[in-house]
Amino acid sequence: MPTPYFGWTGKVLRIDLSSREATLISPEIEVYRAVLGGKGLAGHHLRPFANKNWDDPELPLCLFTGPLTGTLSPTSGRMTIMSRSPLTGTIGDASVGGGLGTRMKQAGLDGLVITGKSAAQKGIEIVDGRVQFCDAGALTGMGVHQLASRLAGKGSFAAIGPAAENRVAFANIMVDEHFAAGRGGLGLIFAAKNLKYLTIKGSGRVAVHDPKALGAAREDILRLTMASPVLSGEHGFSCYGTGSLYDLMDSRRMMPTDNFRKTHFDQASSLNAFAFKEKYLPRKTGCKGCHILCKKITRGGVVMPEYETMSHFTALCGNTDLDTVVAANALCNDLGMDTISAASTLACHAEISGERLSKETILALIKAIGRGENPELAQGAAQYAKGRNHGEAAMSVKGLELPAYDPRGAYGMSLAYATSTRGGCHLRAYPISHEILRKPVATDRFTYSGKARIVKIAEDVNAVIDSLTACKFIFLAAGLEEYAKAFSAVTGLPYGAQDLLECGERIYYNERIMNAVNGFCDRDDDLPARFFIEDGSHGEGIEIRALPREEFLAARAAYYRIRGLSPQGLPLAEKAKELGLTWNG
Amino acid sequence: MERLIAKYEKKLVDAGLADPGAPLLAGLDAELIFNRKDPATAELAQIFDGLHINSLLYCRPAEPYRTIVDYLSSLGRTITPEDCETRTFQHDIPVASRFHAPEILACLRRRKSVIIPGAGVIAHGVVSPEQAFVTYSSVLFACFVKFFGDYLAALEAGHSDPSGRPSAAFQAAFNRAVSHLDPVRPVAPVLAKGPFATAAQVYEALDQAGKATVDYRLVDSFFGNISYSLDDVLYISQTGSSLDELPGHVDPCPLDGSSCAGLTASSEFSAHAQVALTTTARAILHGHPKFSVLMSMRCAKKDCDLRGACHLKCPSARLLGDVPIVPGEVGSGPTGLCHTMPQAMRGNRAVMVHGHGLFAAGETDFNEPFATLLTVENASREAYFKTVAALS
Ligand SMILES: [Zn+2]
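Heads up: the sequence lines are chains X and V, in that order. So the first sequence is numbered by my numbering: it starts at 1 and just counts up by one. So the second sequence is numbered by my numbering: it starts at 1 and just counts up by one.
Chain X on its own, in the form it takes in the complex:
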């Protein structure tokens, strides 16, 4: 075995905000081999405390990079932030871009584990592994945009805006101003620890085992990216951002409209990515170490909305004004809250109250939520709807609001929403890849046949991607086959694609265990009843029928079998042992 620590720095910094102590620890090489990094290492460090409440000072906030972060491996500038979700009670993790991951590696760290609670609001500043606790009292209530200029020169940052300070259950941690560690309300964990921001910079370099082999792997990956219409084509993410999905979802009649009561939005063709590009003339930008550059930003610094935000702030809310979408996106980002959850909560509110959302009310409600003036909506759609005795109007799974792919238009997506360990998330298995985008090959989107295994394997693949790290989008073009080459070149560990997949299975199973500890089971692996009762919007030769309940349940049962869970969706001691995890039921 070569030197154990190529790729990884071998160092993790534990920071206790109560005592203001920072301790360097060195995880065993076996841990790295078993869970790789990023999401895997974060889950490993979260596991012993997974049952703590989100405001318990002992609950750790884990921020981890992967072995590929900070190297020439394409799209590997990402990292995972993980804790227990304040919104859902499940594990809460987010893969986040920007420059934080790269800078953390340059500072000589694989990750941070932050515990405790500071008496007064603080900032943490890290330079080459040295930690400073700074007074952040004067920054209370400051928006992310202004905070970004205050923190300029300190490297990359992760911070919260007013939404988290005001206890918005879907508050984000914002990285480098524009990159959200979203979904699940991770921003509240910062707030609970009285932490306003964290900055990192460093001057180190990541040691690579075989730079030449890494160069070859990089070339293979780049060539595949260029061959991918979704990433590099004239209509692809590189040109239009993820907003290019907008026309496609509309033409496949699976664009969630009027709080998922319809799946087609009549005005969609005038609100597409092309319309945004024409009106705002944005340029390309993106995460550190990325060549796709899917983020679009104007000269004036206005960020174009992602597909989910575009779709939910138009079709889901019944809005047809581009400026409102851009303004809602900017407001959410400045306040530091999740755009999908915000839009979905507004749409849920519109359905329950019967109120039509105007341009003005959309922006006014967002402000009120973020500024702590509407605590009812700040709970998110599920709690809000429950409080109004209309639980059925919350379009969420395990309390996490669903993104902009109607599950009635892609059956694998419906199963993946149900089984996701963080609730209603499209990114865990991203079946849109084969059900809509035809990669690696097309599958029939209106059948559950074969989907259980596909979803299970895809969850494992994505767990690997979030641990290495890389961007999930590049897997629309490349695969673990190519990234295994990059991984071996960087670390010196001779892993193939299938070895990585076994790590992915372990990482994901560990998450199922943490959720089981908190009482999650088959009852929670389910979708809102609406999808099994109401048809979507048929048209243009496409029929969007209500999901067949029996087939869904059969697919879920098959998933449990394939994943090695009990018929109730609970982890099994034997399977856990096989994966090298401890679990006694």
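Rather than coming from a laboratory, the hints here were simulated on the basis of the structure. All residues carry an ideal CB built from backbone N, CA and C; glycine is no exception. Misleading hints may appear alongside valid ones.
[Claimed, not checked] Calculated from the model, a selection of chain V residues having no Cβ within reach of chain X, i.e. all distances over 12 Å: (1) 39; (2) 76; (3) 89; (4) 109; (5) 110; (6) 157; (7) 167; (8) 188; (9) 297.
[Claimed, not checked] Reference listing, derived: stretches of chain V covered by chain X, where coverage requires no fewer than 3 residues with Cβ under 8 Å from a Cβ of chain X: (10) 44–54; (11) 331–339.
[What the hints assert, rightly or not] What the simulated footprint calls covered on chain X by chain V, stretch by stretch (three residues with Cβ under 8 Å from a Cβ of chain V suffice, anywhere in the stretch; the number is not a length): (12) 94–102; (13) 221–232; (14) 237–246; (15) 271–277.
Use these hints to put chain V with the ligand onto chain X, whose structure you have.
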């Protein structure tokens, strides 16, 4: 799963890649199923256990691929293809020494396929047996191009230095493979006559021309693409669609760029769109005719500095017959063929992309591009054997 397995078993036979009854296909959904009983199923089940996949194909190729694959795999532990699509998607093809699960697993844990000399090719799929079919087909295509290309190179080398001549084994394999080549089909089919006035007519014409291209074996697996422009809309085959299964897999893309509906269109959308916008051609057909592909990679400049990068930056104005050859990779990247092929198409009826395939254009319908594709391939095949005869 049964339906998909039956479908790809039939496609393998129809494409001449397998003899009837030869493909052994396995699919795993709730349970592992095989398309037929076979002594190899126990070993394949073991392979399945060691991989996170849902489908597996094991097949002894039909001739001439059998001879070709057996010969190439007798030479070493890896086959490195030089054609463009295989290099992009398969990288290299590992060779196992025998049909033995642990050794096969060691290869398949890193790559999508493995060759077992004298036994066949194994390929797998994670979401569908289609992946196994595509990989298997690509492997045979790559081996075909490499085998005939290497033979010609050996003859040329042997001309100046007798030690470079093809070995006796190579010569025997070559003779045998040649005896099994598909007969030349000199006559193109009669396709629908254009210009087409409605979208419905366009869809029908695409379907017909696509099926003919596959029937004439001018393209492998799901590679190749086709388009027709009508009223500022480019009707183009979707990415990963098979030319013989186009209905429902054509994207209408506005040429003014006002919609991103082409997100699922062929990776060569940009190239097609530029030809449609800058020439008078309305019908564009792209295939991978094998002899044209291998002849496009032949180059007389032995000491060229750009050896190994011909597909990226060959600056010479080279011709395949009267068809210009251009460099360019798959897709729209900086080295993409969308920067070279459309320019070369001005004033030409076809352009060959180095080591990749032929783009052929027609003014009103697919009769002209299809005939071009067929003529260029037949001429390339003739030129190949003429050169061989001259060197032998
Ligand atoms: Zn091609």
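We went through each hint and held it up to the structure:
With a least beta-carbon separation of about 25 Å from chain X, residue 39 of chain V lies farther than 12 Å from that chain, consistent with its non-interface assignment. For residue 76 of chain V, the non-interface assignment is confirmed: its Cβ lies about 19 Å from the closest Cβ of chain X, beyond the 12 Å cut-off. Its closest Cβ contact with chain X, about 8 Å, brings residue 89 of chain V to no more than 12 Å, contrary to its assignment away from the interface. In this structure residue 109 of chain V is not separated from chain X by more than 12 Å, as the shortest Cβ-Cβ distance comes to only about 4 Å.
For residue 110 of chain V, the shortest C-beta to C-beta distance to chain X comes to about 4 Å, within the 12 Å cut-off, and the non-interface label is violated. Remark: the non-interface label on residue 157 of chain V is consistent with the geometry, its nearest Cβ contact in chain X lying 27 Å away (cut-off 12 Å). Distance to chain X confirms residue 167 of chain V as a non-interface residue, since its nearest Cβ pair spans about 31 Å, more than 12 Å. Even its closest Cβ contact with chain X, about 30 Å, leaves residue 188 of chain V beyond 12 Å, as expected for a residue assigned away from the interface.
Consistency note on residue 297 of chain V: stated as away from chain X, and its beta-carbon is indeed over 12 Å from all of that chain's, at 17 Å minimum. Remark: the segment 44–54 of chain V is confirmed as covered by chain X, as 5 of its residues place a Cβ nearer than 8 Å to a Cβ of that chain, reaching the required three. Here the segment 331–339 of chain V counts 6 residues with a CB under 8 Å from a CB of chain X, which clears the bar of 3, and the coverage holds. By the rule of at least three residues with a Cβ nearer than 8 Å to a Cβ of chain V, the coverage given for the segment 94–102 of chain X is violated, with 0 such residues.
Counting residues of the segment 221–232 of chain X whose beta-carbon sits less than 8 Å from any beta-carbon of chain V gives 10, enough to reach three: the coverage restraint holds. For the segment 237–246 of chain X, the proposed coverage by chain V is satisfied: 5 residues have a C-beta within less than 8 Å of a C-beta in that chain, meeting the threshold of three. Only residues whose beta carbon comes within less than 8 Å of a beta carbon in chain V count, and the segment 271–277 of chain X has 3; three or more means the coverage holds.
Violated hints, in rising order: 3, 4, 5, 12; the structure is consistent with all others.
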